[in-house]
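Asker: Sequence:
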Amino acid sequence: MVLPRRQSSQSDRKPPDIPRVGEDGEELQQQHPAPPSKTKTSLTQGVSTTNPSTSDRPPADTRNEVIESEEGSSNDDVSETSADSDFVEQEDTWVRAAQDLDETMLLLSQINIRIPTQEVEKRREEKQNLTAILYFLDRGLDIEPVTDWVESELVRNKGLNVSETLCMDNRNFHIRFTNQGDRDQALSRTRLTHLRREFIILKWTPEAKDHQYIPDRYPVWVRFPELTTLQSQWLPELASFLVPVLLPPVRMPKTTQRMCRVCVEWTHGKTPPTSIVAELEKEVARIPVDVTHLPSSCFKCRKHGHVAKTCPGDPLFAQTKGGTNA
1 MVLPRRQSSQ SDRKPPDIPR VGEDGEELQQ QHPAPPSKTK TSLTQGVSTT NPSTSDRPPA
61 DTRNEVIESE EGSSNDDVSE TSADSDFVEQ EDTWVRAAQD LDETMLLLSQ INIRIPTQEV
121 EKRREEKQNL TAILYFLDRG LDIEPVTDWV ESELVRNKGL NVSETLCMDN RNFHIRFTNQ
181 GDRDQALSRT RLTHLRREFI ILKWTPEAKD HQYIPDRYPV WVRFPELTTL QSQWLPELAS
241 FLVPVLLPPV RMPKTTQRMC RVCVEWTHGK TPPTSIVAEL EKEVARIPVD VTHLPSSCFK
301 CRKHGHVAKT CPGDPLFAQT KGGTNA
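Heads up: the sequence shown at position 255 corresponds to 255 in full-length UniProt numbering, and the numbers run straight through without jumps.
Simulated from the structure, these hints should not be mistaken for laboratory data. Just so you know, nobody snuck in bad clues.
Straight line, CA to CA, 27 Å or less: simulated BS3-like cross-link-like pairs of lysine-lysine:
1) K203 <-> K127
2) K203 <-> K122
3) K203 <-> K270
4) K203 <-> K158
5) K127 <-> K209
Construct all of the structure, not just a fragment, from the sequences and the given hints.
Answerer: See the structure below:
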C-alpha cells in the first residue's frame, strides 16, 4: 500500500539561501552573528564592565543542586510538623468524641438507684456526729502507736465503742465511734500526751478532710493565781468573758493561795491576756490571768522534757514583741 505524499505548506518550507553579490560582482559569504558571551556584564553610563563577583561563584548546576536539597529538607520538616499536628488534633477529636459518647450513654441509661439529697445530708450529719479528730499539736506519730493508744485508753479504760481509726496525716487522725454518746465522752478537755507527743481530740468538721488541717480552737487551761473569796464564786463568769468554758473551775491542789483554773476553748493565734478588769459590788479590780497548758512544764510552750532556754516556743501561741510566747 502506497501512502500519499504529504505536501509541505509554505510555512514549513525554509526559504532558500539567496547569494549576496558585491559591487564587483563577486559572491559574498553570509556572516552569521556570534553567540552571546556567557560572562555577565553590567552597564554603567554606557560603559560595559565585567562583574568581579561572578568569578567566585560556583557553577550554576552546583547552586541548583544545593538550593533543591535545602528546599527538599525544609519541605520534609514542614510536612512532618503538619503530620504531627494533624495526628494530635485527630487524637483530641477522638477523645472528645469518646467523652461525649460516654456522657450521652450515661444520660440515656436507666437509673438503677436514686439517692435523695436529704439522705445524703443525713449520712453526712451522722458521720459528723460519730467521728472525732485526734490532732497532734507538734510532731505526729504513725498509725500503729495511735491505734494502740485508742485501744488502751478509749476502748479498755473508758469502755467506748470505736469502729475504726483512719490516718489522714501524721498529725491528723479520724476516730469513728458507733454512737454519738461515746464520741462526746472521748472529746478531750485538755491536752493529752502519748510517747511525749501532745494531742487533742475534737469534733469532726468538713475542713478536717484536708491533710493540712489545723483546728481553729483547742482546749487550754486559764489559771487565776490571785482570787478573793468573792471573785472565786464568780469564776465561771470571769472565765467566759475571755473564751467559752469547757469545764467548770477546779481548785488547784497543794496550794496555800486560793488558786483556781478553768479549761476553756482557745482560738488559734489569739494573744493571751495578762489580766482582766472586773467590777464586783461596785468595786473594780484587776485580776491576773495566766493561760497555761499543763502544770509543771516549760513556761514558754508548756511542754515536758526540755528547759525554757532551749525552747523554740509554742507555734499555737502568738509571740509578744520581746520574742517570747505570752
